[in-house]
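Novice: So the chains spell out like this:
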Amino acid sequence: MSMAPDYPPDSGQWVCGVCRRPLEQIKMQIFYLNSAFDVSLPSCPQCGLTMTPKSLAEGKMLEVEALLEDK
Amino acid sequence: MTFDQARLHEIEARCTQESPPGCQGVCPFQLDVRAFLAAMTEGRLVPARRILDRALPLPGIMAAVCDHPCEGVCPRKGLGGSVAVNKLEQACLAATSPTRIPPQPRKKFSLAVMGAGLAGLVAAADLARKGYSITLFHNGEPASLLCSRFPVLADSGALRADMEALVALEVAFAEARLDAPLISRCVQTFDALLLDADAASEPAPPPDDVDAATLLWHDTVCCAGWPSLNAAGRVIPEASRQAGEGRRAAQTLERIVGKVSLTAERDKKPGVLHVPLEGVSPVPRLEAEAEGYTPDEAAREAGRCIQCQCLICVKECVFLQKHKGYPRTYARQAYNNASIVQGFHTANTLINGCALCGQCERLCPERFSMADLCRSAREDMVERNYMPPSAHEFALEDMESACGPECALVLNDIGLDKGGKPSWLFFPGCQLTASRGEQTLELYEHLRSNLSGGVALTLSCCGIPAQWAGRRADFDRHAAELLRQWENFGRPTLIAACASCLKALRSALPEAGLVSAWEILTTLSLPPGRRHYDAFALSIHDPCAARFDAAWLKSVRALVRACGATPEEPRLTGETTPCCGYGGLVFCAAPDVAAEMSAARAADLPHTALASCIMCRDRLANQDKACLHLLDLLFPRPSMSDTQAAAARGPSFSTRRAGRAALRRRVLREYLGRQTLERPAERLTVPPQTLTRLEERHILLEDVESVVAQAERGGRYFENLQNGRRLASSRPRHVTFWVEYSRDGETVMVHDAWMHRMIVPGAGDAGTTPGGRHETGQTPRENMP
Ligand code: SF4
Ligand code: SF4
Ligand code: SF4
Ligand SMILES: [Zn+2]
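Top to bottom, those sequences are chains E and D. Start counting at 1 in the first sequence, then tack on 190, and there's your number in this note's numbering. Start counting at 1 in the second sequence, then tack on 5, and there's your number in this note's numbering.
Treat the hints with care, as some may be off.
[To be verified] Calculated pairs, DSS-like style, for lysine-lysine (alpha carbon to alpha carbon, straight line, at most 27 Å): (1) E:Lys-250 / D:Lys-327; (2) D:Lys-264 / D:Lys-274; (3) D:Lys-135 / D:Lys-274; (4) E:Lys-261 / D:Lys-329; (5) E:Lys-250 / E:Lys-217; (6) E:Lys-217 / E:Lys-244; (7) E:Lys-244 / E:Lys-261; (8) D:Lys-264 / E:Lys-261; (9) D:Lys-82 / D:Lys-320.
Think of the hints as simulated: they come from the structure by calculation, not from any bench.
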């Protein structure tokens with residue numbers, strides 16, 4: 191099981207609603223059922239608010255979730 | 006584990022789909038006739054020949070002399086005549102050359118065969134092929150007895166070829182007097198001996214003196230191949246029986262020298278293969294123009310084989326078809342799934358895809374129950390904690406909500422004195438109330454005004470979703486609560502309007518009197534506002550949970566007739582009705598299978614359908630099948646014509662929840678004069694395509710609302726500078742919901758929504774330090790990209 195590491199926003203020019211800072215691709219770990227994955231996701235560099243792009247949620251993530259659930 | 010190996014075998018054995026067809030079962034060599042004929046049909050002569058050469062010890066001789074019992078049991082018999090298996094074998098042999106079968110390594114045992122009758126030759130061939138050293142004692146020419154018994158063999162190429170094959174297998178031919186002294190000599194010299202009772206008739210014992218199962222006579226001596234005698238004492242050969250005895254005796258000789266039990270694991274009778282013949286039209290047997298079939302004639306005659314198999318249940322169940330096997334293979338997969346220690350549970354999808362509807366069990370001649378299999382497998386998954394969380398969570402949360410403070414209600418009949426005990430308790434169920442609140446109340450009122458003794462009302466869920474999800478403990482807990490309420494009411498008779506509720510209540514409240522609303526209605530005066538049709542044909546769709554509920558089935562039809570309509574029975578109906586796709590929570594765990602189930606059912610109903618379960622009605626309507634609910638006949642909605650009512654799609658998941666809550670509020674208001682506050686909703690505008698997508702992804706409007714409300718309260722959202730849209734998330738339970746929306750003053754326009762189960766730090770409510778740690782702490786890392 192592997193997840194390609196870098197997931198930018200699907201489209202648009204996004205800023206954090208609170209900090210008004212443009213988002214940056216920030217490395218982090220995401221988790222499910224005792225597994226963790228290293229990925230880069232669009233995040234606010236100031237407050238850490240993070241985005242899950244739709245293409246990731248309905249693509250790779252869904253796939254990995256299903257795999258882990260059958261493990 | 007819910008089932009061990011022994012239980013698996015017991016379950017597996019119920020499905021006889023893998024049993025041999027009749028022809029193979031009676032063949033002394035269990036020739037795979039079906040495969041042979043399939044190859045012949047396709048003109049694949051060499052593979053066909055290979056099947057013959059592998060199965061038959063003396064292919065040429067057997068094809069020439071066999072009395073073909075296979076043809077006697079062929080179900081084609083009454084449909085144009087049995088398939089000409091024997092003639093096709095001959096045609097195949099004539100058109101091909103022998104298959105080269107690699108010799109087996111030599112074994113150290115020397116065996117003797119006394120007599121070159123059919124049994125002796127078969128045994129010699131069988132054993133020589135397996136690598137034993139064989140000495141064949143014969144009287145006169147080796148083939149003389151065979152030729153006199155079967156004159157067709159005289160001078161035949163088949164005989165010559167098979168005898169040469171024996172020589173090639175290094176069978177030693179020895180001429181001798183076949184008498185008792187030879188038997189004694191053989192017993193001393195060889196590891197075991199077979200006596201051919203036709204060739205060595207003088208020293209051979211009568212058949213009754215040998216063991217019927219093993220053909221063992223004494224010590225290391227077997228005897229086989231007795232000819233039959235007719236009334237005049239003439240010998241009548243019976244090739245298949247004699248040859249079969251030869252094989253049976255050969256197997257015993259092997260066991261003797263191998264020093265293993267002569268009987269263990271032998272002659273296990275597989276169950277009967279059931280062969281449905283509906284739809285098979287008669288085709289007359291093809292007779293060859295000249296002597297023997299040409300390859301083309303052979304292909305056509307072989308094509309008359311119906312390739313006997315069962316699949317009775319599979320033919321009628323979308324789910325069973327989907328997984329490409331049949332119950333026997335599924336039982337094994339479910340078992341393996343439960344036994345997995347490391348690796349993937351590859352049968353989870355299978356187990357969660359069954360509607361638990363019981364149709365297969367009803368159709369199967371052996372009563373195989375996929376529902377029992379899948380239900381116990383699910384219980385095991387839950388118990389041992391490997392049930393995929395996503396499989397049933399949505400449905401279980403829906404159940405929780407239906408039993409929760411916003412939707413559930415217990416109301417005594419308001420006509421009774423305080424503390425009075427009602428005679429009846431109406432339990433409409435969580436889905437009827439979700440979809441048809443108004444009609445539910447009309448039905449309730451009708452019951453109240455026509456039944457004496459008071460009718461109480463319970464708005465709740467019967468708990469069946471928990472049972473379907475394999476959560477027995479949750480079901481039991483819920484059952485205990487229902488029991489308590491029922492006891493409090495003084496044990497009234499329960500009236501249910503949903504077949505699944507009836508089933509669940511029957512197991513939750515075994516002591517309660519239980520009756521369907523439809524049955525009660527047939528005993529009361531009919532609702533005055535009901536429809537009065539003039540011969541309106543309706544295809545009845547029975548709910549799968551009611552298949553064995555004769556009273557339900559009968560009352561539904563009676564009520565349909567009472568409204569002047571004509572109930573028409575579809576091909577599968579009553580006991581054999583299929584599931585609409587709601588049962589077993591397939592709609593949740595395998596929505597695609599569930600949709601195919603509804604579509605398949607819809608296609609099988611010629612007229613406007615009439616359902617007596619609201620989930621059936623809504624699911625069929627969602628497949629664009631015109632479908633009415635029984636309540637549409639009895640308590641028609643004034644705002645709708647029948648056409649409109651039949652065409653109306655079922656409400657969305659969100660609307661269902663809202664419908665339950667609205668009904669509860671209405672009951673409180675109308676019966677108790679109590680006003681309750683409606684939960685203030687965000688003003689959301691959701692375009693229809695977005696609504697459809699939400700529905701498919703199991704995202705409720707209330708989830709969308711709470712994401713937006715939470716984001717707007719704290720300003721925690723992203724903003725797209727290009728179009729001003731906002732994107733926010735929240736994780737109320739085990740799922741993170743994302744909503745993309747825009748704000749225009751007080752109104753919120755929802756553009757899109759999605760969800761995931763993975764925990765993303767900084768999204769939803771999970772930790773918000775950049776690259777922060779997961780809420781539940783350290784977790785092993787799966788991989789590094
Ligand atoms: S009906 Fe289904 S379960 Fe029953 S024997 Fe046939 S294939 Fe097997
Ligand atoms: S129809 Fe075919 S498979 Fe069935 S018994 Fe006849 S020959 Fe055998
Ligand atoms: S869905 Fe119904 S018919 Fe199909 S396997 Fe399950 S219980 Fe049997
Ligand atoms: Zn920020």
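Novice: Next, verify each hint and record whether it holds.
Specialist: The hints, checked one at a time:
no.	hint	verdict
1	E:Lys-250 / D:Lys-327	25 Å, holds
2	D:Lys-264 / D:Lys-274	24 Å, holds
3	D:Lys-135 / D:Lys-274	24 Å, holds
4	E:Lys-261 / D:Lys-329	23 Å, holds
5	E:Lys-250 / E:Lys-217	17 Å, holds
6	E:Lys-217 / E:Lys-244	18 Å, holds
7	E:Lys-244 / E:Lys-261	25 Å, holds
8	D:Lys-264 / E:Lys-261	46 Å, violated
9	D:Lys-82 / D:Lys-320	24 Å, holds
The earlier numbered hint that this structure contradicts is number 8, and it is the only one.
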